[in-house]
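Chains as they are written, first to last, in the numbering used here: chain A, 1 to 393; chain B, 1001 to 1112.
Read the hints as simulated data drawn from the structure, not as lab findings. Model, not experiment: these values are computed from the prediction.
Under 8 Å between C-beta atoms, here's a sample of chain A residues computed to sit facing chain B:
id: 1; residue: A114
id: 2; residue: A116
id: 3; residue: H156
Facing chain B, according to a computed beta carbon distance under 10 Å, are these residues of chain A, among others:
id: 4; residue: H112
id: 5; residue: R153
id: 6; residue: A154
No residue lacks a Cβ here, since even glycine has one placed at the ideal position from N, Cα and C.
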Amino acid sequence: MTLDAVFREHWGRVLATLVGSLGDIGLAEDAAQEAFAIAVERWPRDGEPANPVGWLISTARNRAIDRIRRQRLLAQKTKLLARELVAGSEAAVPDAANFPDERLELIFTCCHPALALEAQVALTLRTLGGLSTEEIALAFLVPAETMSKRLTRAKHKIRDAGIPFAVPPDDQLPDRLAAVLAVVYLVFNQGWGGGRVDLAAEAIRLGRALTELLPDEGEVLALLALMLLHDARREARLRGGEVVLLDEQDRALWDEQQLSDGRHLLQRAMARGNPGPYAVQAAIADLHLQQPRDWQQIAALYQTLVGQTGSPIVELNRAIAVAELEGPEAGLTVLDGLDLDHYRYFHSARAELLRRAGRDDEAGDAYRRALDLAQTDAERRSLQNQLARLRVT
Amino acid sequence: MQYALLAYGHQNTRDAARPMDSATAAVLARPYVTGWARLHADESATTVGSGDAGTLLTDGPFIDTKEYLAGLIVIEADNLDGALAVARELQETRTGGAIEVRPIFEAQFRDA
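All chains should be built: construct the whole structure from the sequences, respecting the hints.
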């Protein structure tokens, strides 16, 4: 394994344990970074230790202790460390199994609702994902300095306001878990834009870690299923820089292994009963991959999802399914009731239905409105092509 | 009469961890000062407001010029979750407004 891979593999696990024992994310981050830097220097020379995680945690803790000795100001925070130091545990490199896996505590801290959503996302990518500040800034198209301030502020707030490093009690778990899953899915959706940082892969990694940590939560399994079912079509989704619609995608490019993993997870989620919004979305994603598509069932599941989320965007998707079942005018009737004028896909979906209904002039207007709101070049090209086709016919 | 004195600080001097100025400390030590608290900077604040379905959390201080500062409550809690639970309970008893939850850096209270 290359050191970079070691870093990616272990960063979250190492950092979480350090936050647990040092009680401060900033301090833990500095210590972990030092330990990885020492590993970069030593491992190629001396060979990788038998227990890399244990080695990294011990080394980082020793470094943190050194640092704290130098900065006596922080003495308060290190009661625990001081005790360990006295006990002489410094030299020993315990088994990774002896260090508690505290990634779950860390992710609940990072996704605490007292932090702004953008801070939750950035912090989760930094601490659990091990992305650098620059990478996160690049992914969210903000200057590195802005992202750095956002992260620093969030870490200060966690420390100063006393945001707990803990898995929430059962009565709060559903709400808090929903917040964690929302962050992961937001990262995944940001990744769809085809940015320079592979956020989709990052979100899937986070999703996988969550399924290891919370294997009995249906929605955790369902979210990973949903992401895998979407991501399996990654290679087929763009051709020559242009978005390829689902029905026109080359199915040979779909990742069969990911699809089968996704379906397996979906079944496990469904077997737990009482499917939540991610399970319903994953079921819909799976139905979309079948040929011919079962629009009846798709429309019914969207209806369920509207009930669960109250989201007009879900209603927009239901309109598309209704149009397949009952014709474009029926779909347009559903769309007419929606307040989504700011949403680009509302206009592109409406344009498509208007075109099918033979209302070309209105379709042209809708395509142009979608173009105004388009966010990527690929979207723009795709819309321009559709608009051009409309003019020809 | 009892009075609450609300001290406002400037952005540039909001590092709560700095030691208290000795002249300030001398005033605070006078017998008529029955309590004081130094707060962490406003970036550590969380605001509990009212939403469509119960209370609503926002990151950051409460900012709305139409509202006025109506009261001050000091509580003890294990962590922010404990403090927010009390703030939520209080906010549910009120109509409108909001409660800003700010950690106290250091404080001293005596019987009035």
